[in-house]
Amino acid sequence: MTLEAALAIASAKPAGKRPYFLNPEVERVMAIAMAIAQELAVARTRVDTLERLLERKGIMTRADIEAFEPTPEEAVQRGLWTQEYIARILRIVQQEAEQLKTGGESELASEDVAREVSGDDPA
Amino acid sequence: MSETRTKPTYQGPPDYRAVGRHDVFPATTHDEIERFNFLAQMNRYLGTRVLPAVKTAFEQRVVPRVEAQGGHFSNRHDVRKALLKDPYYQTWSALRRMTMEQRQQAGRWVAVRQAEELAAKVDQVIAKDPGFTADASVKIPRYVSAVDHHCMPGSYHTELFPGDVSAAANYDSGLFATTGGMLGRYSDGGGQAVLQWVRRNLPDFKPRRILDIGATLGHSVLPLAQAYPDAEVIAIDVSAPVLRYALARARSLGVNNIRFVQADGADLKKFADASFDWVQTTMFLHELSYGSMRAIMRESFRVLKPGGIVLHVEQPQYGKDMPLYEQAMRDWDAFYNNEPFWSAMHEIDLDGFLINAGFEREQLIHGGVTAVVDREVFPDAADEGGEDYGRKAAWHVVGARKSA
Chain A
-16 MTLEAALAIA SAKPAGKRPY FLNPEVERVM AIAMAIAQEL AVARTRVDTL
34 ERLLERKGIM TRADIEAFEP TPEEAVQRGL WTQEYIARIL RIVQQEAEQL
84 KTGGESELAS EDVAREVSGD DPA
Chain C
4 MSETRTKPTY QGPPDYRAVG RHDVFPATTH DEIERFNFLA QMNRYLGTRV
54 LPAVKTAFEQ RVVPRVEAQG GHFSNRHDVR KALLKDPYYQ TWSALRRMTM
104 EQRQQAGRWV AVRQAEELAA KVDQVIAKDP GFTADASVKI PRYVSAVDHH
154 CMPGSYHTEL FPGDVSAAAN YDSGLFATTG GMLGRYSDGG GQAVLQWVRR
204 NLPDFKPRRI LDIGATLGHS VLPLAQAYPD AEVIAIDVSA PVLRYALARA
254 RSLGVNNIRF VQADGADLKK FADASFDWVQ TTMFLHELSY GSMRAIMRES
304 FRVLKPGGIV LHVEQPQYGK DMPLYEQAMR DWDAFYNNEP FWSAMHEIDL
354 DGFLINAGFE REQLIHGGVT AVVDREVFPD AADEGGEDYG RKAAWHVVGA
404 RKSA
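Residue numbers (our numbering), protein chains in the order written: chain A, -16 to 106; chain C, 4 to 407.
None of these hints come from the bench; they were simulated from the model.
There may be inaccurate statements among the hints.
Unchecked claim - Beta-carbon label-pair distances, calculated as ranges:
hint	chain 1	residue 1	chain 2	residue 2	range
1	A	Lys(-4)	C	Ser278	22 to 30 angstroms
2	C	Met325	A	Ile19	35 to 43 angstroms
3	C	Gly322	A	Val76	53 to 61 angstroms
Please read these numbers as outputs of a predicted model, since none were measured by experiment.
Don't be surprised by glycine CBs; every beta carbon is placed ideally from N, CA and C.
Excised from the complex, chain C in its bound form (with noise of 0.2 angstroms):
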């Protein structure tokens, strides 16, 4: 033990009241931004703490378990289904579940009870801005309706009466406090990220005319829109309350090139054959089902002009080098965080999907992308180009160029 004492720096989650807050945002009292401090507080723990001893007991009870019994493990479902059976893996599993359910219902209390005012507020801002289309032939898709991503009640899409945005506000509201402040005050950090990765790998790539599928808040998107003030971008969901949210957001937040379609990326008819020169999706690709992804990389392909580029932001891919644990671990958001396309989405050849709908593989694009730190909310980040202190959120990029 030192004699020393050092004043302790603190490691942890932002308070909540960093969050960045525009019109639509839901007001939020003293103890239910007290709620959402204990849920990022409860998620640190969880990853920082408890996480690690689930790895112990793998090693030290799991694995000799299933080799006394001479099984061995050929994949990471294998893995999964021993962990399974742990008991430090089921109490991990059951306090994250709990986690997940707490953090819907802080949020949900938040949104709900305040639904009528916010539903009015939105209606003002879509009654004198045509920047919201919707399209009542837009049918919600399976992989949406089967289960609700991320044990999130009534999916994106759900209205408790006409005009309801409450579910897109309660979605809004937990970001901060499920990321722990890692995607930024108005948690584009994603946005960001891909936006910093654009401007040093394709410095003279300028483009007029931008594509974002699958935008919900329109939170990734808008990075890019402020970015290029010049272009015109459209942000489009199956989803139409989420989107006439978005709108609100936006506008509250001083981005105007931007408006908002309900639309299917699988079918994206309503736009031109090489109409945009950037197709966009962040953290998009695994809530989706393989017959939707080929129709959306098809369609992506279509409507881009020669030259024009398509970039997906996703978690890294599951490859022969990641160890089978790790594959079992980041596989629980699928089975038990409502995610049921993340295991799939995340073991299959992307590449060949971007091929098979027309790209060439020469054009293939793969990149890594960190979240770019909010000083707002972390002051006393690590500059730039200095590595993580756990505070940077790492994705990866996989795209194409279409040729010229």
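Bound conformation, chain A alone (with noise of 0.2 angstroms):
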């Protein structure tokens, strides 16, 4: 079976007309965001199991965690990757934004712009 069919499978429907119970725009965010929940969890206990392992390997303990304290430089690289993880994740409020800004409301749509620039009398 190839990847691609075994993820559709997986994922598949199950016959049976499917209840929604919230406002469906809403349960189907809700979905999405329950399997990322789902996911984190995962990947939680991977980091949890990978700490677990180096202590008991003696390379460091959880303490080590804990206590620790990133050098200036670190400390600056950490703070650089959480702003462009901020910055990634709230794209939309930002474009938003922009939008007010930028024109707001009377801004044109790329589908205006389509009839204006293929219309019968092109400027």
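Since each chain comes alone in its own frame, lean on the hints to assemble the complex.
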């Protein structure tokens, strides 16, 4: 079986119309959020497994992690990573702010421009 | 607030790694196991932290709203329909449905990604062991094919390719997570429970031939085969793939006095009259229909020897003493987890069905059974006979003895 097929089959819908308890748009986002919550738990336990294995092998202790202090340069790198991360996640909020500033509701859509540039009387 | 702090005792499902593995149990990676662990904890959270507040919402919002409009609840369906309008019931229901779907996704990924290897292992067993009999004339009944039970895509019977057993492997791998380990390492708690009930209540019963109907993985009937090693046990199901898997599973667990036959319990013509001492179904009736249940009870009566017993293990019936709220909540699975017969099955007079099948009223059997706690999963569980501690699953047994 191909990976494509396995992925599709694993996530298949059961026979029977799916009930929605909330507004479907809300329930859809909630289902995606719960799947991400599950994957976050998986990632968190994997880190925990890693820490415990490193501790068992005498490479470090988990107390080392709690007591970890980055060097000033490391702290900057970590701060920059977090800034980049937040900017990426909140992209849509930033773009809505830009739209407010640059044109708001009066900004042209590509479809408007399409009519304009492909009309009988091109500018 | 108390000044003294005691070490918190863990209350919750066991780590999935406690699950019992056999030769055809699918392999699982670290992350696949953690996906199951998350789901077991989600189920616990929904059951212990969210569910109680649904009742609060019912009492504080739903009932006053309906009464203010001059309405009243005449049955559990009225209650459920009123609950559907409550935001907290909606949230609980949405989360519960999502958790069911996530469980299927997690298990199916595990099973499907290694479907070819699992099929090859089962093929090897089938090739040299005559313990599986296929019957291509058996049709998948409407009550199986119409909607996929408990949101399991393709149900028990769909093969992705000839010889595929991934549906069974998915079901097997997820049970331990879905039940939070309450059915034991090998998910055989239902069978252990009925066995314990029989030993306590029918101590002289020595079955020589046992028929299990709707066996799927055989997980509920294996304890019977193990307890009566001299008995011949036959496990049937309409679905062939799940029985092929069940054979390899049973043999790997060292159970050799059982064979698996593709057959519909509603038509047992391949078995002679008066040929079994014990006919068993475990958590099976609720997946049927009126017609099939009538036929299965008639056929069970026919194949039983005089003095033989039939036992059905199920969730408790909705009696008159069960509050409508509880009935409505128990009905959730019927309508939102694809168990369409669950609702009707739990309100009918099962005694009447048994009597119509030929059994005498004086020979009916009723009892309560609780799952036998698997101490390898819950080493600190309370002693047998002690009450519950939230770790025992409780069911009802209803059945009959055929007059000698």
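Hint by hint, here is what the structure shows:
no.: 1; hint: A/Lys(-4) x C/Ser278: 22 to 30 angstroms; in the structure: 42 angstroms, violated
no.: 2; hint: C/Met325 x A/Ile19: 35 to 43 angstroms; in the structure: 39 angstroms, holds
no.: 3; hint: C/Gly322 x A/Val76: 53 to 61 angstroms; in the structure: 55 angstroms, holds
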